[in-house]
Each structure stands twice: as structure tokens, then as C-alpha cells.
Amino acid sequence: MFENKNTGLLLVLPAAVFASVLFLLPVGILLSEAFTGSEGGFSLGAYVEFFSSELNNTVFWRSLRLGLWVMLTSAVIGYAAAFSIVQLSPKSRGRVFALIILPLMISPVARTYAWLVILGRTGLVNQVIVGLGLSEEGLQLLFTETAVFIGLLQLFLPLMIIALISSMENMPRDVVPAARVLGANWFSVFFRVILPLTREGLVVGGTLVFAGSMTAYITPAILGGSKVLMLETLLYQRVTVANDYAAASVIAMILVVMSIVTNLLLKRLAKPRNRRA
Amino acid sequence: MKPSSTATGTIIGLTLVFLIGPFIVIILAALTAGNNLAFPPDGLSLKWFIKVFTVESFRISFLISMFLAVFGTLTALIVGVPAAYAIARYDIPGAGAIQLAVSSPLIVPGIIVGLALLRYLVIPTGFTIMAALFLAHAALILPYAVRVVTSSLQNLRVDVEEAALILGCSRLGSFFRVVFPNIRGGILAAFILGFVTSFNQVPVSLFLSGPGVRTLPIDMLAYMETTYDPSVAALACLLAIMSVGIVFLAERFLGFSRYV
Amino acid sequence: MSDFVSVDKLTLAYGDAVAVPELSFGIGKGELIALLGPSGCGKTTTMRAIAGLMTPKSGTIRIDGRDVTRLAPSLREVGLVFQSYALFPHLTVFENVAFGLKMRKAPNIRERVMAGLDSVGLRDFANRLTPDLSGGQQQRVSLARSLVVEPKVLLLDEPLSNLDARLRLEMQMVLKDIQKTTGVTMIFVTHDQSEALALADRIVLMKDGRIVQSGLAEEMYSAPRSRFAADFFGFENILPGRDGGLLAWRPTAIRLGDGPHEGTIRGMSFGGDYRTYVIDSTLGEIKGSVRAGLPAFGEGEKVRFDLPEGEAVRLEAA
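Line order of the protein sequences matches chains A, B and C. What the first sequence shows, in the working numbering, is residues 1 to 277, in sequence order. What the second sequence shows, in the working numbering, is residues 1001 to 1260, in sequence order. What the third sequence shows, in the working numbering, is residues 2001 to 2318, in sequence order.
Isolated chain A (complex conformation):
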């Protein structure tokens, strides 16, 4: 630590100002717009109006619902995958881990686009369905909530797996074999040993997945289109199609509140984790 506080302040100030002026200030103005009535002054009119629209309500609850579903599903798959991965030898564990985080480095547009090929009218899944004679001409899979759900799950599952692996690696060694030796079946091993010991990782992963899904743009844009709007695609549509800035500002507020709550939760929970190589 060096003493001169002013030097420190001088060094950090440009960054703080840069970020605030570009991110906080404009967003602050945007958010305040929703509280301004048509004749100026404070008003909650924009919020009342927003939630009186059936479409907006549908989108709001759909985003919440999809966020929860993606979070729950990724938790279930995540536990199975993370538990299996930590059983591996260190060498193959590293390799599998690299494959799990690989998708995170790839453009989400590229990642989501692949599902068009798989879920399209003549896509892979429909070929199988038609081939098995389950349907004449294939099913409408794209532009459904299911498609968005699958896309989001693939996008965010790695975050859950990483969070769970890191908290499983922090479990005391051999607690699982110890519980087995004491006569616990796998069901009670999970609920009585693994789950309580990895709760922190579950909450960290769950929060990231939930918030990520609820505020996603690319996946609902590509796989949901205008049929399955979510909060961000609705915002985009309200602005570009209807010039409806009041609605945009309300959605913005929902997103910002979500994001702040998430960050507070994470800050409270994410103690310094040991980063793995």
C-alpha cells in the first residue's frame, strides 16, 4: 500500500468517470423517463399502462417462467454433470472442463444459430420425427417457447456446471464415500451431503443462469422471433416498431432492478473461490 491517497484517486478517477458518464448517466435519464408524466412531474402512469397490456404481461411472466425453468433444469443437469466430472482423473477432468467452457468463448449468435439447423422445419429433429412416422410433415419447433428454452439452456448450462464443480471441489475429501459406507443410498447422499455442501455454488450458478436467461436478447430473437417475445426482444420491438419509449423505460427498469438484485446476491455469496487451471 502506498500512502498518497490523492495519487490513487487521480489514477482511478478517469476510469470511474468514463464508466459513469457512458453507462450510469444515460441509463439514469432513461429510467427517470418512466416516472415522468405527460405534463411533467412524478407519475407512475407508464408502469400502470405497461402492465395493463396483455402482451406486456405475457412477456413479463414468460421471461420469469423461462428464467426459472432454465435455472431448474440446468441445476438438475448441472449436478449430474459436475458430480460426474469431479470423479474423473485430474487430466481428463481438465480436458472435459475445457470443453465445457469452450462454448462461452464463442459468439452467442453462432451458438444459437446452430439450433435453427437442428430445430427447423426440415431440421435434424424433424427428420427423425418424420422418419419414425410420428408426424407427416414435421412439427413447428422453431419460434416456440421450447426452442427458446433449449437455446437458453445450452447457452447458460456451462455457468451452472462451473459453479457447481468449483463448490464440489471445495467439499471435504471423501465425504461421499464416507456417507455410502455409513449406509446412505444415493438419494440421501445427494440430499443430506452433496446439496448442503454445495448450496453456495448452486445459488451462484442459479443466479447467473436465471438473470442471464431473463435478460437474454439473442436467443429469443433468433429462436423465438416475434411469436415468443421476451423482455429484451420486447424492448427492442417497442422502440423500433412503436417508438414507445415509456414501455422501453419500464422494461429497462425491470432489467436494471433484476441485475442489481442478482449482483447483490452474488456479491454476498461469492466468497473468493479458488480458480482452477
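Just so you know, the hints here were simulated from the structure itself, not pulled from any lab data. Heads up, some of the hints might be wrong.
[Claimed, not checked] DSS-like cross-link-like pairs, simulated, lysine-lysine; straight-line CA separation at most 27 Å:
1. A:K227 to A:K5
2. C:K2152 to C:K2176
3. A:K5 to C:K2009
4. C:K2057 to A:K5
Since the structure of chain A is already known, use the hints to place chains B and C on it.
Below, chains B and C without anything else, positioned relative to chain A:
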């Protein structure tokens, strides 16, 4: 008393198929010789990969994205390295508020920032979209740059700098002669992370696009709406290969994951 | 004062917490002195202030007649061997030692660096990277790095505490040798009285930012003046005398087996030449040593002992 390795193997296999499988599908679909996006591909050829390079809007938006990623990250580092140094080495008054301001780009959803900048900066002041995009990308990368460089600074003992001061260095001299050579790896890692983040970024750039000014991912989204051919698949493959290649090289020569 | 280094009414603080209030002492040219005290006594803080790594609240520091109180560390002509050695991890041994000379744009850098490495016996390590060296070797590089620039004052932070017994002795010799050949004034900081006694000409004993006592090493060892100093230098038995003052005995000054007092042996530790017994008695806990060759006492055994007043040191204050 371990779970059976067949069971764990199957679980890992299925998870990887779900996570990685789509990339294999898209690579094969992009290699089709036919004119439609289909799987399995209709014969194999590289024609869609070649076509990508002939689409003018892709060429322009690729250059724009490249420019934003490189210069946005450099700007973020120029502003962010001193900030990281201050955070790691000084007891700054109001540190909490300052850290919050610096990390605000991680907290505020990008789509809102793009919209707000369009509405309150570009439209009223005649600021160009390109300039707004540049500033927004630089600010977006800033928290990553600060985080990675700070942690790299925290691994360098303070007394090494003090030793340099006593041996006759000025404060600035000790930064360039002693600190910088020892955090070069961290700065490079921050650059790579910033580059990949900026290049793949969509939400911030969504509203910040105008005639002839679009980032590559936004351009791909726009192209998809009008055209359903394998060229976007080919482009997606190229981008995936680029990202994976960069990260692979970074990991190989830098131990990238140490820093992230 | 004609002191080579003089510290006058120096007040040092971290924020509002004063670590050292109005400290004054002086050091003669070529002297080797120890700042001794428990952790938190302000000895390291004082050393950092002399090096210029900490700005005093008030007071002055003079080196060779020049007021350096607010001078940048680079201009003070001091050397500092850090406890962690603080070598530059990206530079070789040679480059580390050459660093200060390069900063000064000195001539004949190569010869001077090699001579410096010679003096600490590391000539053959010139091209090695520093993280590959052992702790002892790193310390010698650090020493050479500080010495080649020919500082007026060499500061050392706990120079012996990270070394094992054999290396400790070796480093003691190296430092004494440097004192003799270069005549540099040395100040070192330590919490270990045996280190201070072994190395220093003079000891400054500190507590809570103040000097408790200072003087020649032998004087400090044989005639502590306060309870704190006595305790620090191994006078483990401190009892009120008949006149109400305090008397202090080392364990070796206690006579066991005979005497006016009686106690019960509670424990024993074997220290090579001596066995030291812990005795419960009406006077409180007494520690007494007996030559290892003499017959031993058993635990729980009753023993008579004497506190010979002639062997006691009279303390001034409580």
C-alpha cells in the same frame, strides 16, 4: 464406493453432446454443396465459406467489429491499468463507490445502455454512431480489464516496487521498469478477454447501428431475417474457430485461465 | 549532534493511528545498530521512514548532515534489504544487482556488479533468474544489489529470521565483514534479542513506538533497566525486593537444592547445557536452571531454592 463409471461417462457424454454437438451440426451444415441450410449436408463444398467473403456488408461489419474490439480494448486498458494500479496499491477514499462505478458496465444490461446512448447522446448532439459504439465498447470492456490487471498486480509484491524506488527509480520509472514487465501476461490476458467480449457483443450494439455502421453479430442477425442460406452458418463457424483459436493459443502460451 | 544518522522527534502515523510518537535517536558513522522490539513496536515503521517509504507526520531525519525527511527514497543514498528480499522476478541476478547502477548511469557497471557478486559468493549465478535461487542466495543477491550503489546507510529488515541456524551464522559473518570493509552504517530491525545481541554494536529497544532503553549490546544484556527490558532479555524471574523496588534474575542465577524458599517442580525443559525447571512456590512461578551434568529433579518433587540478591538486577520502574 464410487458411482459406476459407465453412468458418469454417459452423463458427461450427453452433456457434451448437448453443449458441443450443435457446433458440429453447424460446421457440417455450412459445408453443404446445396443451396439450403440442411443437415445432413447436401454434398460437401467450401462454397459458402467463400461466399461469406464476397458479401460486402459482412466485410464492412467485420472490419468495424475488428476495429471496435482492438481499439476499444486498448482504450479500456489505457484507462483501466492506472485504475487497477490504484485499486491494488492505494487506500482510495470512497473505494466502494468508485469500484461500483467502474464495474457498472457489468451490472447495467447492455441493451439499455445502447438505447440510452442513442437517445441522449447520438440523437441530440450529432455524435456519430461509430463514436458512440467505440466509447460504449471501451466502457464495456473496462471492468474486465480492471479486474484481470488488478488480480495480476496483487500477485506482485509491493516491496519489489519499493526496492526499485530505493535503488533510484522514480514512481513512473518503477512502473515501466518493474511493474509492467511483471504484469505483461495479465495485460495480454485482459486484452484477449476484452477482444473476445467486444467482438461477440450484441446487446450494447443493438441500437447503435445505422446505415453502413453495424457490428458483425448485428449484421448477421439482420442478414438472417431476410436470407435463409448457409452463409451465416459458415460465418458462425469462422467466428467460432477464430475465438477458439485465440483462446487456445492464449492458454497454451499464457496460461490464460489463470487470469480469467 | 555529530551523529551520522539522526532521528529527531519523529512522529509516524497510519492515517490517524500514531505508530511512533516523537522518537529521537542518533547513530554514529560506521555503527551497526539494531532496532529491537516485539511486533507492532514501530521498529519497521521507523526503518521505512528512514528509507523514505513513509512520510512522517512531523520531526526530522538527517543523514550525513542533510535533512532527508521529505526527500524521495531514490535521492537518500540508502540501501534496504527487505525481509522478503524483493528481487525483481523478471531480471537475472546480474540485472538485479546492476539495476541501481543503471539508474545512476554509473560507469563500469559490469565490473562493479561482478565485484559485488564476488563479495557475496554468487559470481557463478550471474545469469540465473532470481526465483530459481534458494532463500539464502536470494538474500545475498539483495545484499549485493543494495551495496553496489555504495549507500551511506544500509537498512536490513529481519536479516536473519528466515535463515536456518547454519546460514544465520554465515550471514552474521558476511554482515560483520561488510561493516569492516566498507564502513557503511547499518541499521537492522529484529524481534529476536539473540539476533540483536549477536550482530549489533548497539541496541535500541522499542515498545509501543517509544525507546525503552538503548545502549551497547553487552550493557543491555547485563543491565536492563525496566521490567520490559528485563523480560525481553531473558530475566524470567521478576519479584519485588524488600525495599519495594523490583529485582530480576535469569534462570541461571537461581540456586536450586538449597535456600530459604521451597517449591514444587511442575515441569522441565532440556536446553543442552542447562535444564530449566518451572517451580510453583509461594513467591509465584519461578524458573531456575541447573547445569545438565548435575543430578536432575523429578516432576512433583519438592525443592528448596535461593534468590541470591547479589545476582539480581535492580530495575528502575515497573
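Taking the hints in turn, this is what the structure says about them:
Restraint check for K227 (chain A) and K5 (chain A): the C-alpha separation of about 55 Å exceeds 27 Å, so the hint is violated. In summary, the hint linking K2152 (chain C) to K2176 (chain C) is supported, as the alpha carbons are separated by about 16 Å, within the 27 Å threshold. Note on K5 (chain A) and K2009 (chain C): the hinted pairing holds, with a Cα-Cα distance of about 25 Å set against a maximum of 27 Å. Using a Cα cut-off of 27 Å, the hinted pair K2057 (chain C) and K5 (chain A) holds, with the two alpha carbons roughly 15 Å apart.
The structure fails hint 1 only (numbered hints given earlier).
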